[in-house]
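Take the given structure of chain X and dock chain B to it, following the hints.
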Amino acid sequence: MAKEPTHGAPPPAAATRDEIDQAIEALTLSQLVKLKKYAAWRTRGLGRASLGRDAEVLLQEALTSTIVGAEGTGEGRRWNKNVDFIKHLTEAMRSISDHWKTQFDEREPFLESEVVTVTGEGEEYSPLAAVPSEDPPAERALLAKEKVRQVFDLFTEDNEAILVLEGWVEGMTGPEIMEFGLTKQQYEATVKRIRYAVERMKN
Amino acid sequence: MNNKKNYDEQLSAIMNRLAESVLELSDDQVLAEEREKGIDPTKEAESIRNVLRHSSKMQRMQKLQAAERAYEENVARLNKNQYQFPDSPTRRKQLLAAVFAAKPDVQSVLLTAQHRDFEQLTDVDVESLLRQLADLGILESFK
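Quick note, the sequences are listed as chains X and B, same order.
Using this note's numbering, the first residue of the first sequence is number 42, and each one after it goes up by one.
Using this note's numbering, the first residue of the second sequence is number 2, and each one after it goes up by one.
Calculated from the structure, these hints are not laboratory results.
Every clue listed holds true.
Derived CB-CB ranges, DEER-like: (1) X/140 with B/55: 20 to 30 Å; (2) X/54 with B/81: 41 to 51 Å; (3) X/115 with B/108: 32 to 42 Å; (4) X/121 with B/69: 28 to 38 Å; (5) X/140 with B/138: 37 to 47 Å; (6) B/85 with X/122: 47 to 57 Å; (7) B/64 with X/121: 20 to 30 Å.
Values in this document were obtained by computation on a predicted structure and should not be read as measured data.
In this text, a Cβ means the ideal position worked out from N, Cα and C, and glycines have one as well.
Bound-form chain X, shown alone:
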């Protein structure tokens, strides 16, 4: 008799609540530092959409969601034990921070009073009036523009850093950027320079 075909892979091994606690205790020093740094960069990438939430809040949210996922209610994010715990948490943070940003883009009413200025004649003037409706809120765009300019200004004498930053902004991968004349070592050294310099930059 022919074997019956198996339908898909066996269900992933979802971690229990206690296994999550054990995984926290098993995280190494470098893994813990990576989690914090990853969370910090992701929240910086949110700009105003962070709404004051910092790296710790993002990390806590990822863990809480994982714990809820272990309760089997269909809510939260289940940790499949076949996946590294750190990989699971970073993916959760990526997803949560993307969600925060989308939520902010969709829901936050723009506070016009924040940008209304008064002319010399005493008349109120809102720069929003000139902003097309599909643009992100004007003030947020201005803040983001200023921050992007600050990042690029850190590297006016560093062509490799400018190349990497341009590549990132264009959505290019590391290997794609390297095709413009950077070796792997040069690329990695440049990324490190950017990381150090931007980290020192005022948030």
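Relative to the frame of chain X, chain B by itself:
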């Protein structure tokens, strides 16, 4: 720098790529970078572990608190409902005995390990059990 994407997206792209770059570092590189900045990675790591431990603990507490609230609400609801039970403790206990005799499965569910012996039940226990039975509609057929 061209401006095909808006500045908000450009800022996110840079910061998110920096986030990913951290994951690509070896364990030694991550720790070395922290030390280069004058940060003690051991202290830093333990403080992050404590954040995770705290979150885990808070989540457990919330679950316990929710269970406690549900229990208290249930007790309050049972106490609020008005039922007509026999006047004397003896007759109330007789009623409970009659229910348990007719429905032994109910008895096994309601009598906890603590009160496994029917004769040991106090008057308060008896009234509490009758309230639970009444709330479940089980006493209807014993009136």
